[in-house]
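Novice: Line by line, the protein sequences give chains A and B. No gaps in the numbering here: position 88 of the first sequence is 76 in the numbering used here, and each next residue is one more. No gaps in the numbering here: position 182 of the second sequence is 165 in the numbering used here, and each next residue is one more.
The hints are simulated quantities; they were obtained by calculation from the structure and are not laboratory data. This list has only true hints and no planted wrong ones.
Every beta carbon over 12 Å from chain B, so not counted as near; a handful from chain A, in silico:
#1 8
#2 9
#3 84
#4 88
#5 343
#6 344
#7 346
#8 347
#9 352
#10 364
Covered stretches of chain B (chain A as the covering partner; in silico rule of three or more C-beta atoms under 8 Å from a C-beta of chain A):
#11 14 to 23
#12 29 to 35
#13 124 to 137
#14 154 to 160
Glycine included, C-beta positions come from ideal geometry on N, C-alpha and C.
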Amino acid sequence: MSQHIPLEDLSALLDEALPEARAAQLRAHLMDCARCREERDGLSWTRDFLRAGAPPPLPPGVDLRLVLPDATDEGREAAVLPFPGRSTWWGLGAVAALLLAAFMLRPLAALLGLEGLGATDSAQQAAAPDETGAASLELAAESAPASGPAALSPDMDVMVEAAGTQAVADARGPTALAPLATARRADQARIVDGPSPVAGATLGAEAGAEAGGYIPPEAGISGLGRPDAAMLRELALAPPRATATALAWLRATLAPRLTESAPESEPSADGDTAADLATLTAADAQALQLLALLADAAGATTVPTTGGPQVITPTADRPVPAVQTVPVAPTPEPPAASPPVAAATGAATRTWVPALALMVALITLSLLLTVRARARRRRH
Amino acid sequence: MSPVHPDGRVALARGGDAQAFNQLVEGSQRLCFHIARSRLDDAESAQDACQDALLRAWQAMDRFQGDEEAFRRWLVRIVINQCHDRLRALGRRGRDLSLDGGPETDEPAPLLPAPDESPEAYTLRSDLGALLAHCLNRLTDEHRTVILLDQAGFSYAEMAEMLEVEPGTVKSRLSRARLRAREILRGEPDGAPGRWSGRSAAAPPPGAADRGASS
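Just chain A, same shape as in the assembly (with noise of 0.2 Å):
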């Protein structure tokens, strides 16, 4: 044989992968070749390096284990829905949402003026501690999805109120906004005698114009012979009574998939509700900060105030509402055998249908987006 082997039978030599008779007829060309020797002798070498190894690790990152769907930790988590916050579609459609829940009760609020405020007794209208805000928060939120936004009644809406500003509150935490909350709230403490610009501010007669497409006709501001003040300082007042409300129905929409033990588990005091406000993300805070910020942009429009702020002084009838904070009732009724507004001046439903279905259209969109986003992302 006077050829060198070739490169793949000297391979194939080394996994003894050749009929036996070509393996011969190489093992005894090897013996007298010594290129072919050293050839060998540095695949073989090569060989056992390559065999010897383990294959590399896997890049960082990388785990391949079973993931069951319904057996492993992770295959449960993902069978959870995932909480709105993960997307940006549910953080738009939870402002939609909010907005469009704020605007709509906004003529329920003005209507509190005439059937809810009026038939709250005045005894429960002492100055409530804020402590009352959360525990009327959970109440709300625990009566709002039965009912819906559409369904409020006005007692609920009252029961909203206090909360409402805490909620905002909480849920802005330090930022631009929290002084304006913070001064709102104090003013809804009934420090609206100083010259508090917010005061100020917030009673807008430009308030009550932008929202006369919601407002029925009875709610008129002369209609009532009520101190025009006190009326425009409860139309001011009624974005954060609406934002309050949205955020309570929300609230107790989301609460089931925050925390699988819910029902059991409900916060009572103000750092649980502030804890369980802190688990919406980032983007939601951001929601609910949009949202303050229009209920407030909606509330305090300017205000053409003749010769300072405005002082209100707080009768015996028409207190005030922001005060009219139902205390906390060992076991509170619920606000489900309240007369619904609806039925008490037609005008107003007829105003707030279209609102309804503009707000169930928005919210229809919003989850087509969102199944959309999500599909897409499934494909990648």
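Go by the hints and put chain B onto chain A.
Specialist: Using the frame of chain A, we list chain B on its own:
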């Protein structure tokens, strides 16, 4: 780790114990991943293919017969099949002809010492491991695949079946992969004319036959 008898893990996994199954997989996941990585374009696809393979293996576990070594080879087959399915889904029929995949750009992850390993052993192992990773990373995907399969102990016939090529192709490809690995280990640049270039077809150098005959 609990001292489970090797065959006991297979039996447990066959009986539906996902933890035992994952322990079985642990010994093969590097091989599976790197083979999938060599067949597919990117690490993400490779991981997905491996996950699909794991699920399939888990579902077919009751039909599996054999020990842990057989399980490893079985799993690698499933991984390669998954890779082929993916390539088919992408409209490509493998990349058997592309030998110019180019060197890998991603550096291998650092080796971590084993719990009971002495520093000397770890140094030796990590040096060798780094060298091996360096070598494998510079091979083409096809070459790396056969090197890894050879490392895993597959025969030429098995490799040919798994890669859906002729046994002669495996033989040729493996020999070239080894040659290239040797060049890399020697520090020879990519594409340098090796000593084997054209050798099998070329005439022997003058005096070779004489030298062979004289000794």
